[in-house]
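Protein chains: 2
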Amino acid sequence: MSKRIHNFCAGPCTLPLSVLENAQKELLDFQNSGMSLMEISHRSKIFEPLHEETLALACEILAVPDDFQCLLLPGGASQQFVMTAINLLEDGKTAAFIDSGHWAQKAQSEAARIGETEIAWSGKDKNYRELPTSNDIKISDRARYLHITSNETIGGIQFPKYPEARVPLVIDASSDFYTRPIPWDACDIVYGGAQKNLAPAGIAVVFVRKTLLQDKKTAPKFLLYKTHADSNSLYNTPPTWQIYILNGVLKWMKSLGGVPYFQKFAAEKSQKLYEFIDKSDFYRNEIPSAFRSKTNVVFLTPNAELDTKFWQEAEKEGLSGLKGHRVVGGLRASIYNAMQMESVDALIKFMEKFAQENKA
Amino acid sequence: MSKRIHNFCAGPCTLPLSVLENAQKELLDFQNSGMSLMEISHRSKIFEPLHEETLALACEILAVPDDFQCLLLPGGASQQFVMTAINLLEDGKTAAFIDSGHWAQKAQSEAARIGETEIAWSGKDKNYRELPTSNDIKISDRARYLHITSNETIGGIQFPKYPEARVPLVIDASSDFYTRPIPWDACDIVYGGAQKNLAPAGIAVVFVRKTLLQDKKTAPKFLLYKTHADSNSLYNTPPTWQIYILNGVLKWMKSLGGVPYFQKFAAEKSQKLYEFIDKSDFYRNEIPSAFRSKTNVVFLTPNAELDTKFWQEAEKEGLSGLKGHRVVGGLRASIYNAMQMESVDALIKFMEKFAQENKA
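Residue numbers (my numbering), protein chains in the order written: chain A, 1116 to 1475; chain B, 1116 to 1475.
Careful: at least some of the hints might be erroneous.
[Unchecked claim] Here are the in silico distance ranges between beta carbons for each label pair:
#1 B:K1331 / A:P1180: 35 to 43 Å
#2 A:E1168 / B:E1279: 48 to 56 Å
#3 A:Y1376 / B:Q1386: 30 to 38 Å
#4 B:L1132 / A:A1301: 45 to 53 Å
#5 B:A1419 / A:P1375: 47 to 55 Å
Treat the hints as calculated values from the structure; they're not laboratory data.
Yeah, the Cβ is synthetic: ideal placement off N, Cα and C, and Gly gets one too.
Can you make the complete structure from the sequences, with help from the hints?
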């Protein structure tokens, strides 16, 4: 086997090694069943306890109150852009959005095909390098909820604290899920694709306030949260493999100390990188420190040619996935929960070397 | 490791052992990348060739003509019940359905929330044990397409040949995908959840006639086939693990002779079971032979108590998943492509023993 590399991909991304090793060990024979987990019915006595345990752990670790239903749904956040609007947007109401960048815009454009939307604040004038305080947010009387993207994976910005609004929040937490507490009382829905902090791609973890689990005769049944809640996320055949790995990741998180541990760890990892970047006369990060993401650290070298040279050379030295998103260019180190400090240290060491070799 | 059992689950279900063994071997390190396949970006140079190859193999093995687009989409058939109707149902048109049982009804009830539907034929009077010939099917002038469920997993019935209609067919082929040729010229859409013949649960394989890939401003972008076709099934982060296993299963199918091989194999396996059941004075199958499924063999013992005793004792002897679906009861042996003849033989041997021990 080749050496395990430092994987800075934005998602799918690095997963805890112990969870992968266990999956490998059990792949042909789950719990002495004589079957692979992939071959086991989702309605079997073998799978159902795993499913129940996963739902319970997902709630326990994020301190989810009883008035929220946890759903494990196929797909990822893109599907939730649709489902949140279909489930929440009533006639005559609008969905308010914080336009914080790429992912917020994607969420808003889907909602706009389903109902009315409004922009409660936009970071466009600030080149999407800042986020609003509660006072900056303007919401009309017609607003039903305020949608925010907790962390913009591409822009590398993150709400330092969740804003307060006079309507409930709907939070896309895809890229900082389980790295900080959620203000449950202020929320109607919190959702995220799992492929960053939680599991392989192909599943979304969604928390819906139970009072909102309602039928809508004109909406597809499959897209109603009530449908999946009524069947405890087994309405259709779920992505069982993802649930299995999610189970392992949640147990791993719990064993290390849960969200408090990972919140501190994310702060430490990102701070080390930002401090190095800020002290450097070669690298820069143009985001005001208050809005810098703790899970996606974007940075630039003196020019675009060197940016390209950087990620290409890094790749050869076992530091993968550092190319910035094609929409914004530059460089990006995604450092989700399973990213170890030794990988951050390896990145900094490479950055030092690259800067020395490429200074004008 | 415990012995590999005979897995007759209706889905998720048995997968080719060689594919699972390879997945186990590569789990921590895909192609010397130093990463698990689960950790690799869907937009990377490692994943993209696998993705392209999988799409190409999916078309090649099923002899899909160039005027169809292959899509790999999250979820399964339940999501396609929604997407087919959203994409195809124009104002003033209706979707015609063959009511062949449980799954056809589910498909129809979703379409009915999106537009108008009509029943072109119903098996209700025949207790869902028969299927129509082309002449039995009544379609109104308003029909846009005819939806059929190629094989009813729960009822154990299968169209012996696809019906002819004066509107295009939309085929749910979930449970007999890649076990027989598709009449492409007669079809607009052919789709199936992959968790029976093709891959782990969490992905659908969908073939859409390219002329139908159109935008609809009022429909969610994520639910339009055009969106996914324009991005070659990489619009959102796809379930990469399922695509990886699908790739392995398709290669395994091709190596054995593709659809002609599996069509013959499905006929041989099911015939052996039906012949045994028909000769028996203990077991029975109440479906006329023309409509019997080649992938899901349902059967009954003399009474419901013995049915329960049967699957419970079978389970203990390493024959799993033989309990009939809760909607219809009885017993069911699902014998998809990866089911080996030795498992069918083991089942018949157990059936003989059980009959001898439990005859009145």
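Against the structure, the hints come out as follows:
Against the hinted window of 35 to 43 Å, the Cβ-Cβ separation of K1331 of chain B and P1180 of chain A comes to about 39 Å, which satisfies the hint. Checked against the given bound of 48 to 56 Å, the beta carbons of E1168 of chain A and E1279 of chain B, roughly 50 Å apart, stay inside it. Taking 30 to 38 Å as the suggested C-beta distance range, the pair Y1376 of chain A and Q1386 of chain B does not conform, at roughly 59 Å. Under the hint 45 to 53 Å, the C-beta atoms of L1132 of chain B and A1301 of chain A, about 51 Å apart, fit the expected range.
Restraint check, A1419 of chain B to P1375 of chain A: a C-beta distance of roughly 53 Å satisfies the suggested window 47 to 55 Å.
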